[in-house]
Each structure stands twice: as C-alpha cells, then as structure tokens.
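Here is what each chain is made of, one letter per residue.
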Amino acid sequence: MNLILVTFIILLAFTSYYFGRKKALVIQSSQRLTALPKFYGYYLAAWCAAPALIIFALWSVFEPSIVKTFILQDYTDQNLTKNELQLIYTKVKALAAGTYTGNITNFLDESANKYIQLKGIANSAKVAIILAILIFSLSFAYRSVQKNDRMREPVEIFLKWVLFVASLGAVLVTIGIVFSLLFEAIRFFQAVKIFDFIFGTHWYPAKTFVRDGQPDPELMKDAFGAVPLFAGTFFIAFIAMCVAIPIGLLSGIYLSEYAGRGVRKYAKPIIEILAGIPTVVYGFFAALTVGPFVKEIGNAMGLEVSAESALAAGAVMGVMIIPFISSLSDDVMTAVPQNLRDGSYAMGATKSETVKKIIFPAALPGIVGSILLAVSRAVGETMIVVMASGLAANLTMNPLESTSTITAQIVVILIGDQQFGDPKTQSAFALGISLFIVTLFLNVIALSVVKKYREKYE
Amino acid sequence: MSKIKVENVNVYYGSKQALFDVSIDIAEKEVTALIGPSGCGKSTFLRCLNRMNDVIEICRVEGSIKMDNLELNSRKLDVVRLRENVGMVFQKPNPFPKTIYENVAYGPTIHGIAQSKEEMDQIVETSLKKAALWNEVKDRLDEIGTGLSGGQQQRLCIARAISVSPEVILMDEPCSALDPIATAQIEELIDDLKKEVTIVIVTHSMSQAARVSQKTGFFHLGKLIEFGPTDKIFKNPDNQQTQDYITGRFG
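Note that the protein sequences, when read in sequence, are chains A and B.
Sequential numbering of the first sequence, starting at 22, is according to the working numbering.
Sequential numbering of the second sequence, starting at 121, is according to the working numbering.
Read the hints as simulated data drawn from the structure, not as lab findings.
Among the clues, some could well be false.
Said to hold, decoys possible - Restricting the straight-line Cα-Cα distance to at most 27 angstroms, the calculated cross-link-like pairs of lysine-lysine (DSS-like) are:
#1 A:K286 / A:K181
#2 A:K472 / B:K186
#3 A:K377 / B:K237
#4 B:K186 / A:K372
#5 B:K123 / A:K473
#6 B:K149 / A:K372
#7 B:K218 / A:K378
#8 B:K237 / B:K218
#9 B:K123 / B:K249
#10 B:K237 / A:K378
#11 A:K377 / B:K212
Here the structure is a predicted model, which is why all the values come from computation and not from measurement.
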C-alpha cells in the first residue's frame with residue numbers, strides 16, 4: 022500500500038515536470054518566460070512531490086504510536102507495568118497479523134479487531150489526506166505557472182533545502198551514534214566505577230556472568246580494568262608503526278624525489294593496493310604465516326614464543342599501514358614547490374642534501390599528519406588482532422606473548438551469548454567510546470597539523 | 121676577456137628543439153642581458169650555464185660550453201663544484217622556509233666553506249651586506265625568510281647566491297615579480313656586484329636591459345638573432361627583427 026502510494030507520488034512528480042515544461046513552452050508564445058522552461062517543470066514537480074512526501078513521512082512516523090495509545094487505552098485500569106503493556110501490544114499485533122500462537126482471550130481478540138479496524142481507518146485517512154494535498158499543492162503551483170510567476174528563485178530555494186536536509190541527516194546520524202555510545206557507557210559506569218575501569222589492571226568480563234539476578238559487586242570491581250587493553254592497543258600500534266614509519270617514509274621519499282616518472286606511475290598504485298587488501302586477508306596471513314614463522318624463529322633462538330604474538334599482529338598491521346604513510350608523505354613532498362628544489366640544486370646541493378635539508382623539513386607537518394592518521398588507523402584495527410594476537414587480555418610488554426586490544430575485546434564481548442543491560446555487554450560501549458575519543462583526538466591533531474601545512478604555501 | 125664561451129649549443133625537450141646553434145661569448149665582470157619574447161629560449165639557455173637543465177628529465181643539451189676552458193657540457197663535470205661557482209637567482213623569489221640566517225648559510229654549509237661559527241656569522245653578514253639587506257634584517261636573522269616582502273626575499277636569494285663567492289651569477293627575470301622600487305634596488309645591486317662577478321641576466325624589460333647591461337643578446341624562436349654591446353643593440357641594431365622587437369613592433 023505504502024509502496025504504491027510513494028510510487029504514485031513520484032510518477033506524478035515526473036509527469037508534472039513534463040507538464041510544467043510543456044506549459045512554459047505554451048506561455049512562451051505569448052509572453053516572455055521568467056526562467057528556462059525546465060524550471061517550470063521543476064517547480065511543478067517539487068510542489069507535487071515535496072508536501073505529499075513530507076506528510077507521508079510524518080504520518081508513517083506517528084501513526085504506530087497513536088494506534089498503540091488507542092489500543093492500550095483499554096488496559097489502563099489493569100495496573101500493568103510498561104513491559105507488560107509492551108508485551109500485550111506485541112501479542113495484539115501478532116494476533117491481527119494471524120501469526121499469534123498463544124492462548125487467545127476474549128479481551129485480546131477484541132483488541133486485535135480494534136487494531137485491524139484502526140489500521141484500516143488510518144490507511145484510508147492517509148490516502149485521502151495525501152490525495153487532497155496533492156490536488157491542493159498541484160493546483161496552487163499550476164496557478165503560479167499559469168500566471169507566469171518567477172520560477173527560478175523558488176526552485177533554487179527548494180534545492181537548497183533538499184541539500185540542507187541531506188547534510189542534516191548525516192550530522193544527526195553521527196550525533197545519534199555518539200550519544201547511543203555515550204548513554205550505554207554511562208549505564209555501564211553506573212555498575213562499574215569509572216576509576217576501576219580506567220585504572221584497573223585486570224580484564225576478565227566473563228567471570229561476572231550470572232544466570233539470574235545481579236552479579237556480585239566484588240567480582241565486578243576486578244573484572245573491568247581496561248589498562249591491559251589500552252596497553253595492548255598502543256603496544257601493537259607501536260610495533261606496527263615501527264614497521265610502517267621507516268618503510269613508508271623511505272619509499273615515500275623515493276617515489277617523490279628519486280623515482281623517474283615511469284617508475285612512479287606504476288609503483289605508487291601497486292603500493293596503494295596494499296591498502297585495498299581486506300583486513301581479514303591480512304588477518305589470516307598474520308595468523309597462518311607470520312605467527313608460526315615468528316614462533317619458529319623464536320624457538321630456534323631458544324625463546325618462548327606463543328603462536329599468537331603481538332609481534333606477528335603488529336608487523337602485519339604495519340605492512341597494512343605502509344601505503345598510508347608512503348602515499349601521503351609522497352603527496353606532501355611532491356607538493357613542496359619546485360622552485361625550492363631548484364633553489365637548493367642551484368646552490369650545488371645534491372639530491373640527498375636537498376631532501377634532508379629542504380624537502381623533508383618543509384613537508385614535515387604533512388608527514389606528521391599522515392603518521393597520526395596511520396596511528397589512528399592502527400589503533401582502530403580489529404581483524405588482524407582478533408586473528409593473530411589472541412583474545413586473552415594479558416598485561417605484557419613482551420612482543421612474543423599474546424595480548425589483546427580494545428577492538429578485539431569488543432568483538433569478544435558482542436559475539437555469542439549476551440543479554441542487553443548486562444554490564445558485560447555494556448562494557449563494549451564503554452570501550453567503544455574510549456576508542457572513539459582516542460582516534461578522534463588523533464584525527465583532530467592530524468587534521469590541524471595538515472591544515473597548518475597548507476596555509477604555509479597557499 | 122671572455123669568461124664563458126658557448127659554441128653551437130642545441131637544446132631539445134624530448135623531440136622538440138628549443139635552442140638552435142647558439143654561440144656566444146660572455147665577458148668577465150660584465151652584465152650580459154638576454155632579451156626576447158616569451159618562449160624564445162633565453163631561460164633555457166641560461167639554465168645550460170649551471171646545468172640546471174639536468175633536473176628536467178627529457179631535456180638534452182648538445183654543443184660546447186666552456187668556462188675558463190673547462191667544458192661544462194660533459195658527463196665528467198662535477199656539477200656540485202660548477203654550481204658553487206655559478207650561482208642562480210630565479211624569477212620568483214624562492215627563499216627556503218627556514219630562518220634568514222639559515223637561508224644564507226645554506227650554501228657555505230653544503231660546501232664546507234666556514235670552519236667555525238664565527239666564520240659563518242661573518243659570511244652571512246658580508247653576503248647580506250653585499251645584497252643590501254643587512255640593515256633591514258640584522259636584528260631578526262632568526263625569523264623565517266618567507267616572511268619578508270617580495271623585494272627583500274629576492275635580495276635574500278641574491279645574498280644566498282653570493283654567499284659561496286661564485287664567479288658567475290645567473291639571473292632569470294629577477295625583477296618580474298617585484299614592484300618598481302624593489303626593482304630599482306635590485307638593479308643597483310647588480311651594478312655593484314658586477315665589480316666582482318660576471319652576471320648573465322634574462323629580462324623581459326628592455327629598459328632594464330638597457331640600464332644594467334654592457335652586452336645584450338636578442339633571442340627569437342630559439343635562435344640568437346643578434347649579440348653585441350648594449351648601446352649598439354638598442355640604438356643601431358644590424359638586424360631588422362631586433363629593430364622591430366626593440367621598437368615594440370612584436371613580442
């Protein structure tokens with residue numbers, strides 16, 4: 022029903038576009054047009070579609086809750102809790118749809134009938150109202166077209182609002198995500214002290230699991246210490262940066278200053294392919310190839326190495342990040358004006374002197390920006406860690422041991438059995454928002470550094 | 121006396137020829153001006169004299185360029201030494217994004233000229249004085265060179281070029297991005313410098329060529345049309361094309 026209605030509105034809008042344009046061509050024969058004929062079409066189409074669709078959207082948002090209020094009115098005298106009311110409403114809906122399998126009481130049956138009736142009224146009212154609006158707005162718009170009113174401005178204003186609504190939507194979704202993280206995290210911090218979370222050194226949420234009722238507060242105190250996770254996250258990111266920064270920077274310098282045009286043309290996309298490999302592929306590469314390799318070498322040297330090591334995960338993550346650094350630093354170094362290079366060469370500087378003394382310092386802010394972006398990528402990386410570095414949150418600084426990160430623990434918490442409202446589940450939101458704050462912080466610094474760099478040359 | 125002797129130089133960018141059989145004698149401690157319409161090859165020619173064309177991958181130079189009997193257009197030439205001897209000032213002022221001091225000290229550091237901090241200070245001061253910039257910047261040597269005005273930046277670039285005491289300075293339209301007052305200062309500076317160094321200047325402004333140079337060469341479409349004493353070129357050129365260009369009939 023809804024689909025048919027929306028399709029009808031849209032088809033009508035298309036038709037009115039052609040109709041409006043045609044009308045403009047007719048007007049053209051007797052008087053001067055106020056805009057190009059297509060604006061007449063846009064004007065009619067916008068007036069046709071926009072009011073009807075807005076009303077349709079509002080109706081769809083509010084109709085269910087209004088119907089629900091009507092149904093539940095009959096139950097107000099029974100002193101039911103909110104959850105029980107919700108359950109009854111679900112039953113009524115299921116009964117109305119014919120998918121209910123429990124006991125049918127008379128009362129429920131009555132409600133279901135009422136529900137069907139209300140829905141029917143609502144639907145016909147919706148169709149009637151929308152048709153009325155279509156007729157009204159179309160006739161209003163058509164009269165303006167007939168009078169040859171100014172067409173360009175209303176269309177431009179309409180487009181401005183369409184664009185505004187689109188960007189508003191994106192912003193609202195972002196805010197919504199942040200707030201849902203925040204609220205769940207706050208609920209978590211009502212069960213677990215924020216101090217215990219930030220400074221606790223023991224992460225073992227599974228032990229708080231209790232089948233019914235509330236878990237023991239003493240257990241809670243010692244189960245959600247995030248220090249091992251933060252330590253593990255930054256430790257693995259550090260190993261990754263130890264791999265990625267030298268290789269990325271040196272290859273960036275090669276690409277921008279030394280490589281001939283032919284080499285650069287092919288080498289750069291090939292390096293950038295590294296960034297396009299799905300992280301899960303890196304993950305099994307780390308788990309199946311690099312991990313055992315590290316273990317073998319370590320064992321040969323008489324070291325105790327676990328099969329899942331921070332070193333393997335960090336090293337593979339580093340490889341994944343190389344293109345971020347090499348490609349971005351290549352870009353910022355290439356952007357250093359040629360006349361600075363000329364000035365340096367003309368003084369008799371060699372290529373390496375020019376790179377070291379002129380290009381690199383001039384591009385340094387951009388390079389720092391690219392490194393910070395790479396760090397925030399490393400901190401947020403999940404799959405490689407889950408697959409290659411294990412899930413046990415050890416507090417260790419030994420790269421040969423297994424350790425875990427914030428992201429990997431979020432995965433552990435949210436797969437398998439869980440119930441909402443449980444501190445264990447909510448801890449994922451607390452971890453999520455901590456991670457969000459860390460990466461946001463890194464990104465803000467990185468972007469401001471990059472921006473500063475831009476101002477210097479423009 | 122001839123400082124640089126150029127014979128039958130041809131320059132190609134890929135398959136396109138930019139200079140055709142250019143031969144010219146550049147006299148020592150004089151200002152030689154190169155004039156001509158845009159794209160006539162005068163900057164290309166200038167860049168042959170310190171091998172800056174090496175930077176351009178597709179550029180190929182043929183012919184003989186001798187400075188004090190040393191062949192410049194040879195694979196065996198030490199380009200670093202050459203550029204220490206032949207400084208260059210570019211069209212757009214291009215100070216490094218470093219302090220004023222570091223800008224001037226750049227060349228001496230690269231070539232290991234100064235033995236001590238005091239000596240370096242001395243070189244920086246002398247160079248800035250010769251470039252007529254010392255009085256304006258002596259109290260802010262640790263400020264960034266790119267923060268100076270356009271004319272000051274260009275004089276800083278000249279100070280940078282003379283810091284390694286070159287024998288030749290090449291100037292590629294050094295005043296085209298400057299206002300008339302800054303231009304006058306640079307021209308005055310060129311006049312002073314020619315007592316010690318040989319200067320080759322490419323310019324779009326014929327009046328500038330007439331004011332600062334002793335010899336003038338007129339380039340057109342990659343060919344050196346006429347070369348001779350500046351007076352003669354401007355008052356009584358042999359070639360009709362030169363005459364037309366000087367009197368503003370084309371270019």
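Quiz item: Okay, which hints does this one fail, numbers in order?
Solution: 1, 2, 5 and 6
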